[in-house]
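Trainee: The listed protein sequences derive, respectively, from chains V, G, C and P. Residues 1110 to 1414 (our numbering) are what the first sequence spells out, left to right. Residues 1110 to 1414 (our numbering) are what the second sequence spells out, left to right. Residues 1110 to 1414 (our numbering) are what the third sequence spells out, left to right. Residues 1110 to 1414 (our numbering) are what the fourth sequence spells out, left to right.
Careful: at least some of the hints might be erroneous.
Since the list can't tell identical chains apart, any single copy or any two copies may satisfy a pair.
Dumping the calculated SDA-like pairs for lysine to any residue here, alpha-carbon to alpha-carbon at most 20 Å [unchecked claim]:
#, residue 1, residue 2
1, Lys1408, Leu1194
2, Lys1278, Thr1240
3, Lys1408, Glu1376
4, Lys1258, His1367
5, Lys1258, Trp1236
6, Lys1278, Gln1303
7, Lys1278, Thr1353
8, Lys1258, Gln1239
9, Lys1226, Gly1241
10, Lys1217, Leu1137
11, Lys1218, Ile1266
12, Lys1226, Trp1236
13, Lys1217, Glu1132
14, Lys1408, Arg1336
15, Lys1210, Asp1196
No wet-lab data here; the hints were simulated from the structure. Since the model is a prediction, treat every value here as computed from it, not as a measurement.
4 protein chains.
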Amino acid sequence: MTQHSIHVEQDSAQTQMPIPALEVGRLLISCPDAPGIVAAVAQFLYSQGANILQSDQHSTDNGRGRFYMRVEFQAEELSQRFATLQDTFVPVAQRFDMEWKMTLAGIKKRFAVFVSKEDHCLRELLWAWQTGDLWGQPVMVLSNHPDAKELVEPLGIPFHHIPVTSDTKPEAEDRQLRLLENQVDFLILARYMQIVTPWFLSHYPLQVINIHHSFLPAFIGRNPYARAYDRGVKLIGATAHYVTPQLDEGPIIEQDVHRVDHRYGVEDLKRLGRQIERTVLVRAVRWHLEDRILVHGNKTIVFPS
Amino acid sequence: MTQHSIHVEQDSAQTQMPIPALEVGRLLISCPDAPGIVAAVAQFLYSQGANILQSDQHSTDNGRGRFYMRVEFQAEELSQRFATLQDTFVPVAQRFDMEWKMTLAGIKKRFAVFVSKEDHCLRELLWAWQTGDLWGQPVMVLSNHPDAKELVEPLGIPFHHIPVTSDTKPEAEDRQLRLLENQVDFLILARYMQIVTPWFLSHYPLQVINIHHSFLPAFIGRNPYARAYDRGVKLIGATAHYVTPQLDEGPIIEQDVHRVDHRYGVEDLKRLGRQIERTVLVRAVRWHLEDRILVHGNKTIVFPS
Amino acid sequence: MTQHSIHVEQDSAQTQMPIPALEVGRLLISCPDAPGIVAAVAQFLYSQGANILQSDQHSTDNGRGRFYMRVEFQAEELSQRFATLQDTFVPVAQRFDMEWKMTLAGIKKRFAVFVSKEDHCLRELLWAWQTGDLWGQPVMVLSNHPDAKELVEPLGIPFHHIPVTSDTKPEAEDRQLRLLENQVDFLILARYMQIVTPWFLSHYPLQVINIHHSFLPAFIGRNPYARAYDRGVKLIGATAHYVTPQLDEGPIIEQDVHRVDHRYGVEDLKRLGRQIERTVLVRAVRWHLEDRILVHGNKTIVFPS
Amino acid sequence: MTQHSIHVEQDSAQTQMPIPALEVGRLLISCPDAPGIVAAVAQFLYSQGANILQSDQHSTDNGRGRFYMRVEFQAEELSQRFATLQDTFVPVAQRFDMEWKMTLAGIKKRFAVFVSKEDHCLRELLWAWQTGDLWGQPVMVLSNHPDAKELVEPLGIPFHHIPVTSDTKPEAEDRQLRLLENQVDFLILARYMQIVTPWFLSHYPLQVINIHHSFLPAFIGRNPYARAYDRGVKLIGATAHYVTPQLDEGPIIEQDVHRVDHRYGVEDLKRLGRQIERTVLVRAVRWHLEDRILVHGNKTIVFPS
């Protein structure tokens, strides 16, 4: 509770950033577009004594496609009556054939971080968590190398070294899944240099966030920075996305780039790439933690702050 | 009508960009935040047979401040029953103490462009208008120099040369106001190098858009590019804003920057500055034309596309 | 000569932007790296009474690879003794096995623009030429469509409509080449939607500049904007490059991007894409006109201002 | 030596990033522009058996102003004969009235970090130092608060807590200067919230790097983020600069910005601001460590990689 109080104090009344308090809830909706959805949702919240703090919505195909909505609301004693509130919403959801979820902002999402040897993304995540920039709970770090152990354990976060070879991948993934079971809400691949199987992913659909370098144009395969250097790209960047069985082709959450020129050697490009990866990944994870991302087909709808 | 049909065809069904057709309307609202606003607005539109295409809202102070909303909706024969629709909304508006306006997307806003000698912003505006990127109607160009006449008149737009000196400014502004009266909805200062008086502005409150260069830090006064060069700034930019009696301190609509280094001379900085001004101004004007900007105190809330 | 004088006046003494006057020359060098190159070049220019205005160089592989240099220098009556100066440089060049060229900044490069239906890049080029931002001479516009004729001819630039089908491409390219012969120094493909054959390109090696959209990741093939929309990219951009027989894989000259989100429909992405293409292409062409680009393998070394 | 070997290995032959080895030297020159400078410098290095790895130069006023040059060169046993090499250069320097310095890339610059309560910039500096991204040596951290002690001391870096009030500032600065004497080459103000006196600065002219937030426009004085929020800025950024007695008006080394909109509350702006400050400061410090910055009046000439 102590940390929670501190966090509330930190978010002054002047910010729109919702106070992640027990009394704030979020409602996420996806359904076929139709007249009356917003009216029904707003009427439901009003009738339940909930005040809308922020509401974002998006319609595809000019109102003839699918409708997406994220509402952040405030209500007294929300946590006590949360189950009831959800039950009460069921008829509204059924009327419009909604996929939906309701969350309590005060409950931290739990996540595991997968890492290999390069630890810059892991370090940035831990830092953002320590400073309160990420309102979530890292519950374990898994790695196919032992290197990150000394970084992670002093922070009180369990570290599991699970080597992976092509032969041992099935057992390794099985061991990972048993460790994770009921312990985490989502996973972060923070420069984890192993391909995760569709079977593994099927346990966490659209709940695995990955970060990778991005260039204009793309350089698929080995040594992308050396090839970007050889081609003389003028921009390098990074992409955070949800992992699907198509690997790097899942829905994009966030991207950023930085200018470079011929003076940047391969090592310079890599150093800059690490910097962009850190920033982009933490931004994506924060949006995920705050339920700001909805997925439509292979694209995301992000309502950022 | 021909141009209108073309424009509709251009906006394919895949875009969210609202079809600026006669049957699309926009409702803009600003009021003290309170429970039930969204429900009431949504219910009103639903009861009138209007389908919400896009809805954006913003609350200040976590729901304890002011509430802003922009709704784009579609309804049959909207233009015929537009007056009735507005009348019907009055009780809803009164209940929540709303400032509001309703517009028809199919009706082009009329504007005048003020320009001095540098014509790059004027040219860009005319270009964007010709290609349909700006859905509005330039009804006249006013200048304190004769230079732009040849550019403007062949396009069928009236050009008025009104010289301005410190002595003649009152008469000049008077003449400008008489030319503009009932002819325009808003004004664009496209590198118009004359200070506009508060008296003039009082006729077009928050309806005058200006563009000016921006630096980190600011260089107020004469020869800003030379001084930015002397200081060795690494970024130069431009700001589009609404003009208030405090001149360049009105609500910011849009800003952008570009990287520079010591190799950029004063003329290089100016050339780049012109490029950024063109882009930023047209973006701001487009948002204004599409009713995407709300003003809260001295800041804007922009719901862009 | 009049225009020339104006141009000189425009470039004030405070800028590094070289005065494109008859007395300014540029020397471009590429050779195996070795000790003494810079000393030899600097000594040569000094001995010829030439003052170095700007000098940029680049070495690959930490001095064990290839050496690139661009020197801008000023000398009296340079144009009269230009042939002699080049002859005098030959021994220096031979000593270091240089590829090199010397140009007079005051002589405008001549170029042809190829365009199809979309004319935004052509318009921007013509605009930049008219305002003096591009110090070059457009000598003709070639198109497989008649649309741009009205835009081009009033400016006194010849327009040639040469339709192209898969059957007629050989004759069309033959006709293009005959029109261009001895008339132009380089070509610009300004949204020219025809594939240019290796045979055609062999007449203008590394002298054809193309512009195309760029995304993270790339979307190769048809309807790239629709596919970028479907994938939910967060950045769209454009790349200007030299055309090689590998088409879009030639050396990159310049790139830029702009942020987008789910609210941008396909038409919005296209509009923004056009804006970026215009800016990026003109920047690349300016650098080419000012001899600021050297090519190393499949990459460019750009010394911009 | 071990760390050095590792560092060399890290910089592969493909990069231009100079190997910071004992045999690499850097020569920085500033002098009135004149014919023959480059020839003389290049001839000098050639005659000394030094191979130029990278050379950058800049002339102001089209060759009629001041000339700046940075040369990175490689020579055998450079450290042993470094004093002799400098002596040999004196006549060349005198001939052109040069201000100059020669450095050995293999010798790490020593620096102290000043910090107050906010530690994000300090953390980023320490991180970049640990990963080898900053080739320098932090020799102490000074703070007017005790907070950073636990962060700094476990890394083997001395931490000194020196409280400062307006009454005790003279003694505090005196104590700081005695601690620093002969220990450091330059200072970094990493969110140090005390004004440093001109007297203190006079001991480290152009050797104190500061970081501060930047906005378009600037918000001078208290609570800049709250005021930027109230004004609705669309870009926030940070500036790293050398500190002069005019405080935040010293020569700018690096700047960057990030887009924001009305959804960003004051705390969101601050969080993003911290992110930009970290990145910009480390970039500036790296350039300083690698002798990539020359100062001309109140502006910097940066030759980055």
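Trainee: Hint by hint, work out which the structure violates, then give me just those numbers in ascending order.
Mentor: Per hint list: 1, 2 and 4 violated.
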